[in-house]
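For reference, the chains in residue letters:
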Amino acid sequence: MTTGNPSMPTAVAKRPGGGGTTPSRNLRRWGRGKGRLLYVLPAAVFLAVLSFFPLIQLIRMSVSSVTAATLNGSWDFTGLANFNAGLQQGDLSRAFFNTVIFVIVVTVLGLVGGLAAAIALRHSGRISALLLGIMVFVWALPPVVNGSVWKFLLGDSGLINGLIQATGMADKPVPFLYDEHFALISVALVNSWAIIPFNALVFRAAVLGIPAETFEAAQLDGAGPWQEIRHVLLPAVRPTSLVLAVLTVVYAFRSFDFIYVMTYGGPGTSTNTLPFLGYLQAFVRFDYGLGSATAVLTVLMVLVLAFVYARSVRKEENE
Amino acid sequence: MKLRPVSALPAAGSHLLTRRKSLTAFGAAAAAAALLLSGCGAGGTSSAANSNEITVWHYFSDPNQVKVMTDYAATFEKNNPGKKVNNVYVPYDQLDSKLIASAGAKSGPDVVVYNGSDASTLALANTLAPIDDKWSSFADKGQFPETVVHQVNGKTYGIQGYVNLLGLWYNQDILDSLGIQPPKTMAELEDAMAKATAAGHQGITLSGLPQSQGEWQAYPWLSSAGFNYSSPDAASLKKGLGTAQDWVNKGYLSKEAVTWDQTVPFQKFAAGDVAFAENGNWQVGTAKSSAKFKYGVVPLPVDNGKVYLGGEAEGIGAYAKNPDLAWTYLQQTYLDKAGQLTAMQDAGSLPSRKDAAADPSVTGNELLKPFADSITSHGATYPDQAVPAKNVANVQLAVGQAWSSALGGQSTPEDAAQALVGKLTPLLQK
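These protein sequence lines are chains A and B, in that order. Start counting the first sequence at 17; every next residue gets the next number (the numbering used here). Start counting the second sequence at 20; every next residue gets the next number (the numbering used here).
Keep in mind that the hints are not guaranteed to be accurate.
Stretch-level coverage of chain A by chain B, calculated; a stretch enters the list once three of its residues show a Cβ under 8 Å from a Cβ in chain B [said to hold, decoys possible]:
id: 1; region: 275-287
id: 2; region: 300-307
Over 10 Å on every C-beta distance to chain B, these chain A residues come out as not near it, computed from the model [said to hold, decoys possible]:
id: 3; residue: R76
id: 4; residue: L87
id: 5; residue: F112
id: 6; residue: L125
id: 7; residue: V128
id: 8; residue: S144
id: 9; residue: G171
id: 10; residue: L193
id: 11; residue: P241
id: 12; residue: W242
id: 13; residue: L296
id: 14; residue: S328
id: 15; residue: V329
What the hints contain is simulated information worked out from the structure, not anything from laboratory work. Idealized CB from N, CA, C, for every residue including glycine.
Please work from the sequences and hints to get the whole structure.
Next comes the structure, spelled out in structure tokens:
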């Protein structure tokens, strides 16, 4: 069996001659490059078929009149009519407001909770391993199952209300999922709970990457646990925080499953966020054009956030 | 064969290696594409190429309703040796979307059991096949009232094998303890709920989900207040929504109803501490298996209001592999007298055939009789004829959301009514 690259000795032998690259060598290099590119092909095909194509279709749909009757036929171009209709119907502004609140709650709690869990579990041990295992289980739970369990727990006769009433904190059930103000926050809290394990695992990896000597030096300087966290841990996980912040914001922005299972956007339209509004428009009202316009607006907002993130990362790297 | 010199081998090996790499990469790409295609196809396709099998899509999860499907499959397979029925469950909220998506791929089930009110959406999306030729030559066609035949633009797309409608379930034990009779009017119902609540029970359960199920449950109370889709007015809507909100404020009805579909409120009723439940005849089986108290049913006391005559329609998929076998299945199950009585016994469904509806097992059934009485006294076509076919889903969602917002206290009845009329006016224009 031939090992290594058999053509290499020939190329090396020519180099001392100072002749640089030859056409045959360029050809071989191009051939090798092409071979490598072929390995990328499956991923490229996947990306093109599952990401770019749907995105282009989404944009096409958002500027067309597409209903259940025309979905599988030709689509009439309608320009910005779907965007105008979305604005005029009045649901969009409320959904946007709800989305912003939802994203803030999920991002803040997701990051703070994840970091706190990572710090608490930074030392190896049986309890840490057990808790990490449970967290991976929670993270891997399908959102529909997760949401259904929480809907049950947060119901009038659920465990949470049972505990609240048993401990005398309230004499009536707390309307977690059916009060117009509580409902959005409740679903956002559950969503945060579901993302905390992932954030904790990533934060923990960053925390474990800090050399032990750094902590020893801090302790020699008289730093207590809180000062260790403030002056050693937090600066060290800052780059990770930026990445996780963007991932969490995007996660919160596209959150649909928990709302679908727990409130279906209700009461009324209290928990309609942009993704859920898009779902209602496209898959309940079967106005795919209108739903796509809402989805395009959501994508644009995420893109703006991604741009802000990219700028902040570049600034960080330059510093 | 000419032997090549040894010195030529490395170059050839390199070429072979590159080629091998290319083949490997191509194979990986092909495998990925195949995986992708198989993944896309798995969810959409249903009907096997096997000409001896028919696929039936339905959205039943209630054990009693699932039993109807398995009993029908057994009947068909017994009548047609060598033929097989493949029942496929698709969640209620996803059935229409999946049918539309599979029609785009020119695929789909042989038989579709769908919400009758979605007939127009599904027919316009070319997911159902017109069955006029089969229906017109069906010997028992005369047994079916026109209200259970679903036509869109003059073509027939489905027949209902039974009728479902809402009634007022009551807890006999609670009413006896309070010394009151099952209510026949709105005033009597409110009086009974007040007494039940004062005695520590809950008054009533119903669904306030902000979607079509909410609209289905809201319509009797809204129509009782004078609302109709032919000329929707804010005043009657305000009155109807106000009545429901009042029930919440007085403690007759839990605000939690806004998170309940139609299954949950009946489970709450069956638990035994609720005086009434607005629910359907399909709960007969659940009541028998779950309720540990005496119970009964009366027509919804909605005075001059209306109760939708709903139920699932059965049609043949536009891309059915075995449309003739599918029609045979429908004839031997949903459209057959014995088949309809099977559904009545399993799940309390009211037969749509005149001869089956007149069967002693139906007329002598104390739980089904009040529902049957409601058909003649308060029955209304579902969806309302005043709603244009293309806007049925829009209207149901808008009314469901208004109903939910009133029950949940998101809006005052006046604001909810004004906003709803604003939405309905353009949607109801023909």
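Tested hints:
1. 275-287: n = 9 at 8 Å, threshold three: holds.
2. 300-307: Contact hint for the region 300-307 of chain A vs chain B: holds, 4 residues under 8 Å.
3. R76: With a cut-off of 10 Å, R76 of chain A remains clear of chain B, as the shortest Cβ separation is near 15 Å.
4. L87: For L87 of chain A, whose nearest Cβ neighbour in chain B is about 6 Å away, the distance does not exceed 10 Å, so it is violated.
5. F112: holds (17 Å)
6. L125: holds (23 Å)
7. V128: Correct as stated: the minimum Cβ-Cβ distance to chain B is 28 Å, above 10 Å.
8. S144: holds (37 Å)
9. G171: The assertion about G171 of chain A is violated, with a minimum of 7 Å to chain B.
10. L193: It is violated; L193 of chain A is separated from chain B by about 5 Å at its closest Cβ, not greater than 10 Å.
11. P241: Since the minimum Cβ distance to chain B is about 43 Å, P241 of chain A lies beyond 10 Å and the statement holds.
12. W242: holds (42 Å)
13. L296: Per Cβ check, L296 of chain A is inside 10 Å of chain B; nearest 7 Å; violated.
14. S328: holds (35 Å)
15. V329: Check passes; 31 Å lies beyond 10 Å.
The structure is inconsistent with the numbered hints 4, 9, 10 and 13, although it conforms to all the rest.
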